[in-house]
Amino acid sequence: MVPETLILQIIGMGAVLIYSLLGEIISERSGIVNLSIEGSIAFSAATSYAITIAYHNPLIGLLFGVLSGIIPSIFMTLTSVYMPLNMIVSGIVFSSIFSAASIVVGNSVPRLPQERLVFINENTTLMIIFLSAVSSAIVLKLFIGRRIGLLIRSAGEDPYSAYSLGINPWRIRMFGLIFSGAMGGLTGSLLTLSPMISMIWRENITAGTGFIIVAVTPSTLWDPIIAIFIGIFFGSIPLISIYLQTSGMMFSAELASLLPYLIALSLYIIFRIVLAKRSGLVPRALGKEIVLEERYE
Amino acid sequence: MISIYVRRKIQDPGVFKMLFLSLGLFVSIFLIGTMIIALVGGLGIKELLTDVFNKDLLLSPILIRYTVIISLISLALMINVASGFTNLGGEGQITLGMLGLLLASIYLPDLSIGLVISLLLIFIWQMIPYILKIYRDVSDVLTSFIMNFIALFMINHIVTYVFRGDIARPRSPPINEKLSLHYVSGDNFLSLLFSRVSIESIVTLLIFIILLYIVLLRHRIGYSIRMIGYSVKTASLSGVKIPIYMIISVMISSLLLSIASAEMLLGGERRIYYNDYAKIGMSSMSFGLGYTALGIALLSNGRSYLILIYSYLLSIGYMIVFTSYGYFRLILGTAVIGLSLLSALLTDLLLRYEVKISWSQRR
Chain A
1 MVPETLILQI
11 IGMGAVLIYS
21 LLGEIISERS
31 GIVNLSIEGS
41 IAFSAATSYA
51 ITIAYHNPLI
61 GLLFGVLSGI
71 IPSIFMTLTS
81 VYMPLNMIVS
91 GIVFSSIFSA
101 ASIVVGNSVP
111 RLPQERLVFI
121 NENTTLMIIF
131 LSAVSSAIVL
141 KLFIGRRIGL
151 LIRSAGEDPY
161 SAYSLGINPW
171 RIRMFGLIFS
181 GAMGGLTGSL
191 LTLSPMISMI
201 WRENITAGTG
211 FIIVAVTPST
221 LWDPIIAIFI
231 GIFFGSIPLI
241 SIYLQTSGMM
251 FSAELASLLP
261 YLIALSLYII
271 FRIVLAKRSG
281 LVPRALGKEI
291 VLEERYE
Chain B
1 MISIYVRRKI
11 QDPGVFKMLF
21 LSLGLFVSIF
31 LIGTMIIALV
41 GGLGIKELLT
51 DVFNKDLLLS
61 PILIRYTVII
71 SLISLALMIN
81 VASGFTNLGG
91 EGQITLGMLG
101 LLLASIYLPD
111 LSIGLVISLL
121 LIFIWQMIPY
131 ILKIYRDVSD
141 VLTSFIMNFI
151 ALFMINHIVT
161 YVFRGDIARP
171 RSPPINEKLS
181 LHYVSGDNFL
191 SLLFSRVSIE
201 SIVTLLIFII
211 LLYIVLLRHR
221 IGYSIRMIGY
231 SVKTASLSGV
241 KIPIYMIISV
251 MISSLLLSIA
261 SAEMLLGGER
271 RIYYNDYAKI
281 GMSSMSFGLG
291 YTALGIALLS
301 NGRSYLILIY
311 SYLLSIGYMI
321 VFTSYGYFRL
331 ILGTAVIGLS
341 LLSALLTDLL
351 LRYEVKISWS
361 QRR
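Chains as they are written, first to last, in this note's numbering: chain A, 1 to 297; chain B, 1 to 363.
Calculated from the structure, these hints are not laboratory results. Take these hints with a grain of salt, some might be off.
Claimed, not checked - So, partial list: chain A residues that the calculated Cβ filter (under 10 Å) puts toward chain B:
hint : residue
1    : Asn86
2    : Val104
3    : Ala256
As the list claims (entries may be wrong) - Simulated pairs of lysine-lysine, BS3-like, Cα-Cα distance not exceeding 25 Å:
hint : chain 1 : residue 1 : chain 2 : residue 2
4    : B       : Lys9      : B       : Lys356
5    : B       : Lys9      : A       : Lys288
6    : B       : Lys356    : A       : Lys288
7    : B       : Lys233    : B       : Lys17
8    : B       : Lys9      : B       : Lys178
9    : A       : Lys288    : B       : Lys233
Glycine is no exception: its CB is placed at the ideal position from the N, C-alpha and C atoms.
Just chain A, same shape as in the assembly:
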């Protein structure tokens, strides 16, 4: 019999992952692989924790968390959108720098359990967070078929053709990155503020969540609705392994920690190989920088 607490925790953790998956989907639809999302999550987790401790208000913490998640994306915009630098290496750079910054911010306040984001009670709060994540996915799904969605896809499919039609692909990619950073910020804030997920901020609270998100995004087929199921699946893996350990099953914690990475990598490779044969699913300019020679003149 699976306890109710475990189900609620899976729902809570799934919701947290869905937000960043949605951000990464929009960013990748516009052609940018945003690896700095790990930095966004780490930095916003520390910021929201520090602000909540300082002001005793989790809502202000959440707001500042979302805003601080955008900062790594702004740097990514400079290097990978407006300058043709390798976006994967840029992502690692800003992930490292902002992970370091998160340790500075997180240690600037006393290490205390901060107030949680609670509406009515903990269970209801988790359900509200989950339902808002699901509704965000549905809204995004609807938007992808509309004009704004087509604009985003044009920057990810063929930015040069989009430019010749009068669309500014740089601005669209900037929007995609900032949206992704904000969603990463929301994920990081919820990691520390959401009830029943983690009791206190600590170094390495993200445990590579951002990198897993980037790896599993192709398995969503860049579809927000599929992202809901993928988010719940990856949210459940560590929680189920902890549950199995505590219920007395002989289970290596190290192998359990390895599992999300292994599954994410396998899914990424399989989907990449399968999708390569099916045109139209993978954004064609994904990971490619835009350099227009004539813009110089």
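Add chain B to chain A, keeping to what the hints say.
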């Protein structure tokens, strides 16, 4: 409105321009970044400079040891980069190399066998992302990067359950004394400089700096390897036997990484430690060198002799990290990785592109 214009340069940059620009950027970004973090973290600049830039430290055996280790890893990653494989998996590969030495220590205690096992493990681990990239267009960066975590958690499992050498804490048993490197001894000038780094590592480094310079820049093998790096399709149409050159480049890279891992393990505490949360950076067995060395490999642009200069500068950065303590060391260690890669990226931008930033009234 601020406008940024970028145009590709047609010609390759000259050696001196490359050297001065990259050195300038490397030193300035590194120092400015570290000082900002030092100030924010509460460490005085004067204290930092006195600790780091003193005569004894700048020629100390420990600094030279790190220079040699970083150079070996950077050379390994440089040949990967030249062949079109951006290998972000150096961290995991170094720890796998250590695992190879541990296996040899337990079953067949002999240094050469240990090096062969670690070479094979690294070779297999490197070939997976490279083959996927060449034949299936799967991102080598992402694959090799995630494989780091898999390798680190796997090593954690091994030192906890399979080869646990200590009941009190998870770590491997000490490496057998038969697996030992040779060090300069005696009371002479050489031992003052090289007492902390093995003769095997120094000799390998010198041989491969010369060899890779000749092979990569002046030999048909190097042209073929670099052609695969530029375009697999062009290389294939030009008659380059891709699998052979893939194996050559990965084999050289694996050999260098296995020597580096032997130096780190056998010249250090001779045990593989448990890595909490499989953290990459100062707390890992390889100190985040897999990433920083990739920065150097990108900066050197195929010129192996430049690696020595960059590695020496980066080792000074690591000394800054070592002079710090507690969580502050973790902050600096993580930032050092980011800053070294950032300087590599910006150098690449300024060398290969013309960048103009202007202010215009109209759109």
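Hints versus structure:
no.: 1; hint: Asn86; result: 7 Å, holds
no.: 2; hint: Val104; result: 6 Å, holds
no.: 3; hint: Ala256; result: 9 Å, holds
no.: 4; hint: Lys9/B - Lys356/B; result: 13 Å, holds
no.: 5; hint: Lys9/B - Lys288/A; result: 18 Å, holds
no.: 6; hint: Lys356/B - Lys288/A; result: 21 Å, holds
no.: 7; hint: Lys233/B - Lys17/B; result: 32 Å, violated
no.: 8; hint: Lys9/B - Lys178/B; result: 54 Å, violated
no.: 9; hint: Lys288/A - Lys233/B; result: 18 Å, holds
This entry does not satisfy hints 7 and 8, going by the numbered hints stated previously.
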